[in-house]
Structures are given as structure tokens and as C-alpha cells.
Amino acid sequence: MATTRFKVLLAVAAALLVALVVSSSRPLLAAILAFALAGILGWLYGAVRKEGQARQRECDDLRRVNLFLDATFESLPLMIFVKDAEKLSFVRVNRYCEHLTGMTRAQFLGKNDFDYFPPEQARFFQEKDRATLASGELTDIVEEPIETAHGKRWLHTRKVPLRDADGTPLFLLGISEDITDRKREAEELRAAKEAAEATSRELESFSYSVSHDLRAPLRAIDGFSAAVLEDYGPKLDEEGRACLRRVRAAAQRMGELIDDLLDLSQVSRQELNRERVNLSGLARVILGELQKRDPERQVTVTIDPNLSAECDARLLRVALENLFGNSWKFTSKKPAASIAFGRDGTAFFVKDDGAGFEMDYANKLFGAFQRLHGKHEFEGTGIGLATVQRIVHRHGGRIWAESEPGQGATFHFTLGPSP
Amino acid sequence: MTDKPILLVEDNPDDELLMLRALRKSKVNREIVVARDGVEAQRLLDKLSPVLVVLDLKLPKVEGLTVLRRIRGDPRIERLPVVVLTSSREERDLAESYAAGATSFIRKPVEFERFVEVVQAVCAYWASLNEPPP
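Protein sequences, first through last, are from chains A and B.
Under the numbering used here, residues 1 to 419 are what the first sequence spells out, in order.
Under the numbering used here, residues 420 to 553 are what the second sequence spells out, in order.
Just so you know, the hints here were simulated from the structure itself, not pulled from any lab data.
Possibly wrong hints are sitting among the right ones.
What the hints assert, rightly or not - Facing chain A, according to a computed beta carbon distance under 8 Å, are these residues of chain B, among others: (1) Glu435; (2) Lys480; (3) Arg498; (4) Ser506; (5) Phe531; (6) Phe534; (7) Val537.
Here the structure is a predicted model, which means the values were calculated and not measured.
Yeah, the Cβ is synthetic: ideal placement off N, Cα and C, and Gly gets one too.
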């Protein structure tokens, strides 16, 4: 539009100039024509200048876009290459391409895949190139190997055909992400998971065999010792009978140890099923059972009525049975004891006023078979708190204790990411 | 009625002796027939018609659970009371035993007095107190 108007105005200006020359003998006409000519030329000058400025601006814009595209092309942590559609030779590669392959762009330009890669790899690349160019559609290659100066790498590649307006292929654009590390991590994760599953299966069959085979001989030891005591007791002296009673006590104790170990291993093997659990109700049931077992004991029980958590109901029952069982046990020497269950911020606590322990030994509390009290003082296998700790850890929580000898003990625990 | 025996399926000779000892001192007046593996159990099941089967799970040749499934699959004895008496209290054993049709699941205690109690109680209930299916 603007150019047509230019041409018309230029023609008018030329006509005026001719008329001016012809009419030089008639001064008035000449003056009018000259004035008109000057007006047109002035306008034309302004228009041309404006046009030039617009062109300059367009040029600047284009340069900026180019600068932006160039910087993006060169700085992306992706291998980007452009191949000529006909010969599939490289016309451009980016910096990451040089970094990944260990070759300079000068080595790439004008060459094709057969110049660097093993033939079967080069063939694979070019087949995909040709298919992409022929289909006119993007090709997504989820995983392909490539030989580089740093050894074999794995790429996730997208190939894009660039065609001109009438559909003739011009270039092939390739963008590749190096997924070697991610692939290796996924494989390591899978291997670790398989190993863990194998261990779990082994543990399962180990526990199964312990459960079936290890208790039977103990039953025989205890049973036949009892039989000897019953049938031949009168023929033995008191020391002989005492020895047999010790044999029986030891066999029974080992039976308890095996049961506790099996419980501990069950805690690790069992699947975690989180649901909303009313912990106050659970605590009431467990403490009720303890009271029923020792009806003569005077224990003041205080339970916060609104305690609940997203946790595994069965495992929490085991944990609370152990914690309250401990409190019940370690307050047994007090004529009037008290046990409390409550919540302090995000942590639950079980508090008693029993025998307590020295904080110096607090780190030994949660180890299997660790006991802080002699057997003559309090019964126990030393597996209870290890079991509790494992349950808490399986919930992603934490457990810790505070105590002083004679001043009771408080166990705090959290149950992981619940509000 | 009283001539129907109790079939004890037990491969451990110690447990067998202890169980027989426990029953000798009880009021259960039944013959105890012992099968020491799953195959023998099946043979005896066909021959006798026991009032009760006391079944261990881990057995040589044919497993206890297989014996149990065959009993439940045989129309002649499908309603026979079968008490699983075993060392284990693994979830798996418990679940599989009941799924296979166990009447009851009892774990053998280590302590002899409790073991005697359990054996006597089981046999007294199923062999004396309970009216067997026709």
C-alpha cells in the first residue's frame, strides 16, 4: 500500500517537474508548480525516512530474537543438532552436543552419522531421520544408545522435520536428552528393591522354620524334665530336683525369647496399613487387661480421651502393649502407682512413676536383648522396646525416653507425617 | 460310640510321647492312633472312622494342610472335627489352616503343664463333650 502511494506521488512529482521546466516562461504558474513540487518532495522525504526507521527497528527486533534463540540453542543442557534433509549431514550442532560426544562442531559440520558412529548405530539414526522427514511428524525415541568419547550413553531423542511451505523437507531438527544417569539410578533402585524382597523372603522362611522347628526341642526338654520330676522325683535328692527345675525354667525362658524374636521379625515383615486409630480406646483396653491380670494392684490410670492417629492398628496395639506392659511392670513395687497416656505437641507419651532408669544407659534401651534391670528385679526378655522402636520407625516416627532412677520414666513417640 | 479312636497325626516322636502321656492322665477314654506322616494319615482315615483328628502341619511326605484339604473334599468325612495342633503361630499357617477348613487352631505351648492342659482340653471337648456329626 505504502509503496503504491510512493509510486503515485513520485509520478506526480516527476510530472510537476516536467511541467515546471515547460512552464518556465510563465512565472506565476512556475511558482505554483514549484511550490507544489516542494510540498510533495518534502512529504516524500519524511515518508522515506520513516520507512527507513521502521526497517531498522525490524532489523533490531530480528537480531534480538536471533540472539535469544542462539543463546537458548547453545545453553540448553540438551544435545541439539540440525541435519540437511537430503544428505543428512550436520549443518549445526550446539555446545552440549560437543560436550556429550566429545567432538568439536568443526568435526561435525558437513559430515554424517557414518563418519563417527558404529555402522549399525549410524544406520539406526538415519533410518529414524528418513522416517521422520517422510512422515512429516515428530518422532519420539524413548531410549537409544550412542557411543561417545566417554563411553556408551543413553539418549531420549525427539526428531522434528522442518519443511518449507510446499512440504519439501529442508532440515531435520534433533533434540536429545542424556538419560544415562537416570536409567542407571532406576536400574540400581530396581536391583536394591529386588535384593530387599529376596532378603524379606529369606527372613520369612527363616522365621517360618524357627517358628516350627526351634520350639519343638524345647517342648521336649521341658516335657521330659517334668516327666522325670513327676515319675522319679522321690528317687532324686533336692539338688537333683532343683537342677531339673532349672532346666525347665531355662527351656521355658528360651521359648519366650523365641516368641519375642518372632514377634520382632513379624513387626518388620508385616505390611503397614494406615488408618485412623482411636489410641485412647486402645490404651483403655490394654490397661484394662493388665488390671484384670493383677486385680490387687493399685494403679491410677490417666488417659487423654481424644488421642488418635493415622497408623497401623495392629502394630500400634503391639507397641502400646509393650509400653504399658513396661510401665505396669516397673511400677509393680509401688503400693500406689500411676500411669498416664497423653499428647505433648506432636508426640504421644506414656508416663509412669515406677523404677525408672539412669539416663546414661538411655542409648541401650531400644536394642534387642538389652536390659537395664537384673532378672531378679524385673522379668523380661529385653525385646519389648526394640519392638516398639521398630514399629515407630516403620511409621516414620521417632521414640525417646526420659527418666531418673526411682523417679519413673516417660516414653515419647511420634508416628510420622500425620498432623 | 466310645470305640471310635482319636487320630493323632504327628511326626515328632517326642511330641507324640508327651501327648500320649498327657492323655493317659486325663479322663479321655479313647484309643489314640498315631500317623507319623501325611500318607499314613490318609491310609488310616480310610480304615478307621475317628471321632477327632489332631493334626500337625509340618509333616513328611504329605503336608498337614494337604491332609486337611483331602478330608474336607471327601464327602464321607468332610464334617470330621480337625484340630490343628502345631508349633507355629505364623499368620500364614493360621490363615491357611482356617481357609482349608480347620475346626480349630491351637499352638503347642513349650511349658509342659500348659501343654498337658491344652491336649486334655482339646480331646475332652471333641471326644467326650461334643456330639459328633451323624
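So, going through the hints one by one against the coordinates:
1. Glu435: With a closest approach of 11 Å, the B/Glu435 hint is violated.
2. Lys480: violated (16 Å)
3. Arg498: The hint is violated - B/Arg498 has no Cβ within 8 Å of chain A, the shortest such distance being about 28 Å.
4. Ser506: holds (5 Å)
5. Phe531: holds (4 Å)
6. Phe534: At 6 Å from the nearest chain A Cβ, B/Phe534 passes the 8 Å test, so the hint holds.
7. Val537: violated (11 Å)
Of the numbered hints given earlier, the model fails hints 1, 2, 3 and 7; all others are met.
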